[in-house]
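Protein sequence lines correspond, in order, to chains Y and Z.
Just so you know, the numbering used here puts 413 at position 237 of the first sequence, and the rest follows in order with no gaps.
Just so you know, the numbering used here puts 47 at position 6 of the second sequence, and the rest follows in order with no gaps.
In short, the hints are calculated from the structure, not lab data.
Predicted model only: the values in this text are computed from it and were never measured.
One or more hints might be untrue.
So the derived list for chain Y, only partly shown, Cβ under 10 Å to chain Z, looks like this [what the hints assert, rightly or not]:
# : residue
1 : P185
2 : F194
3 : L283
4 : V401
Just a sample of chain Y residues kept apart from chain Z, beta carbon distances all over 12 Å, derived [as the list claims (entries may be wrong)]:
#  : residue
5  : P219
6  : G221
7  : G239
8  : W325
9  : Q326
10 : D354
11 : A358
12 : L361
13 : W371
14 : L453
C-beta atoms are modelled at their ideal positions from N, C-alpha and C, and glycine is treated no differently.
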Amino acid sequence: MSALLLMAPALLLLLAVFVWPLLDYAWLSLQAQSVFTGLQPEPVGLANWQRLLADGRFWQDAGQTLRFAVVSVGLELVLGLGFALLLHQRWRGRGVVRTLTLLPWALPTTVMALGWRWIFNDPNGPINALLQSLGLASVPFLASPQLAWQTTVLADVWKTTPFVALLLLAGLQMIPADLYEAFALEGGSPWQSLWRVTLPLLRPYIFIVLLFRLAQALGVFDLVVVLTGGGPASSTESLAVYAYLNAMRFLDFGYSATVMLGMFVLLLISSAGLLLLQRRVQVRA
Amino acid sequence: MSGTHRQRMALGRSALVALLLLWSLGPMLWQLYTSLRSADALLLGSAGLGGGWTLANYTDVLSGDPPFWRYMLNSTVVGALSTLFTLALAIPCAYALSRRGGLLRLLVGGGLLAAAVFPYVLLFLALLEVARQLGLANNLLALSLPYAGLSLPLAVLLLQAAFAELPVELEENALLEGFSLLQRLRWILLPLMGPAVASTGLLVFLFSWNEFPIALTWLSRSELLTLAPAMARIAGSSVFTVPYGAFAAATVLGSLPLLALLLLFQRQIVAGLTQGAIKG
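Please model the complete structure; the sequences and the hints are all you need to start from.
This is how it looks when you write it as C-alpha cells:
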C-alpha cells in the first residue's frame, strides 16, 4: 500500500499530462469548436473525421511527415553507426571528440534552425557565396519545395545523429572483444565482422534507437516552424505543424484535435510495423 | 610492410576524425564568425578577413527590448524548477517501483516506456486548454509542471534502475536500526545515488531549456519568453530583412550555457543517455 502512496503523485501528474490530453482529443474530435460556434463546443458526431478523410492537405502532410521520418532516421542510423564505430576505437583525444560531437544534440532545435536559415540563405549565405565565387549560380535552398525538404532532413540529421551514435556506442561497448578476436582467427575480414558480429549483436540497440527516433521524427515541429515555416507552399509542413495551425491560426479546435488523433494513429501503425519487422528479423536470424 | 599499413590506417582515421569534427562544429563556428561580422561585410562579402569585425551584433541583441539575457534567465529558471519538481516526484516513485515486483511493476514500467518514446508535441493543445482554464498561462512556475510531467517517464526509469542496483542488505540493516522510510531514503540510499540523480537532473534541465511547442503556446508576454520561443519570434519577426549578424549573435549566446554544461558534466550526460538505452 505504501508503495502506491509513494508513486501516487508522479502517477497522477503522468495521467494528467499523457492520458488526459488523449481523452480530451477523443471528445473534442466529436465537437465543432471554432469561430463559427463562438469557440463553444457543439456536438457534431463524426463530421470532423469525415472531413479528415477527405482533407487533401492532411494526407499530403501525412505523406511528407512519413517520408521525412523514414529518410532522416535511415540516414541518422547509417551515419550514427559510422560515428559510433569511429568513436569506439582507441585513439588519443577520443574523450574530447566524443563530447564535442554531442554538442549539436544538446543545442535547442530552434537556435540552430535559425543558424541553418543563414547558412542556406539565398544569395548571401556562405554556401551560396562559395558557389558564386566558383562561378556557379546561387541555389534557392529554402525556396524550392524539393530543396527545402532536403535541407530540413539535413538539419535534422545534423542535430540527432550524435544521439543515435551515443546509444549505438553504448551497444558496441557491450560486445566482448574476444568475439572479434575469434572471428579474425577464423580468417574473417573486418568488413565481414561488421556484418556477422557487430550488427547482429547490436540489433536490440538499433531497434530502440529506431523506435525512439521514428516516434520523435513523426512529431517534427520545432525545426519546421523555424527553418521553413512549413513552406514553400506547405511542401515541408508536418502533421504537428498542421495541427498547430488549425488550433492557433484557424482557431478550429475540434478539427485540430482530430488531426492530432490522426497523427496518433499513424504513430501507432508505424510503431507496430517496426515491432513486426523486428520479430521477423529475429526469427530469421 | 605492416608498419606502413598501420600508419596508413592511423592517417585515414585522423582524416575521418577531422571530418567528424568539421561536421559537428562547422555550422556553429560559422555562426560565431557571422556574429562577429558587420552587416556590410556579410552582405557584400568583400571586406575580406582583415576588416569588418565588430561586436555590434552582440550589443544590439543584448540591448533589445527585452534584452536577450532575459530569455536565458527565464529558461534557466524554468529549467531549475522543472528539475526540482521532477526529482521530487520521480525519486519516491522510482524507489517504490524498484522495491515492487509483479503486475504493478510490469504495468507501470511498460506505461513509462511508452510515454518516454511518445512525441509530446501531440499533447500541446490539450495542455494549453488546461493552462487557460486554470489561469496558468504566462507563469514560469506553472510552465515547469508540464515539463516535470513530460520528464517523469525517463527520470523514473533511470532512477529505478539505479535503486535496483543498490544491495538490499543495506536497507535491511537500516530497517533493523529503526530508520523510517524517509530516513532510509535520505541517509542511506540517496547518498549512494549521486551520479544517477545528477545525470537524470541534467537531462531534465536540457529538455526544459530546449522545449518549444508548450512554451510557444503558454507564454505570450515577451518578457516571460524562454529561449526557444524567443528564437522563433526573432526568426518570424523579420522575414524580409536579413539581420543575420544579430541572429548569429543570438544563436551563439543561446548555445554558450549548453556548451558549458556539456563540457562540465559530459560524463553524467553520457551516462544518463546510455543508461536509458541499456535499461530501457
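Results of checking the hints against the structure:
| no. | hint | result |
| --- | --- | --- |
| 1 | P185 | holds, 5 Å |
| 2 | F194 | holds, 5 Å |
| 3 | L283 | holds, 5 Å |
| 4 | V401 | holds, 6 Å |
| 5 | P219 | holds, 17 Å |
| 6 | G221 | holds, 21 Å |
| 7 | G239 | holds, 18 Å |
| 8 | W325 | holds, 19 Å |
| 9 | Q326 | holds, 16 Å |
| 10 | D354 | holds, 21 Å |
| 11 | A358 | holds, 21 Å |
| 12 | L361 | holds, 17 Å |
| 13 | W371 | holds, 20 Å |
| 14 | L453 | holds, 16 Å |
Figure legend: structure checked against the earlier numbered hints; every hint is met.
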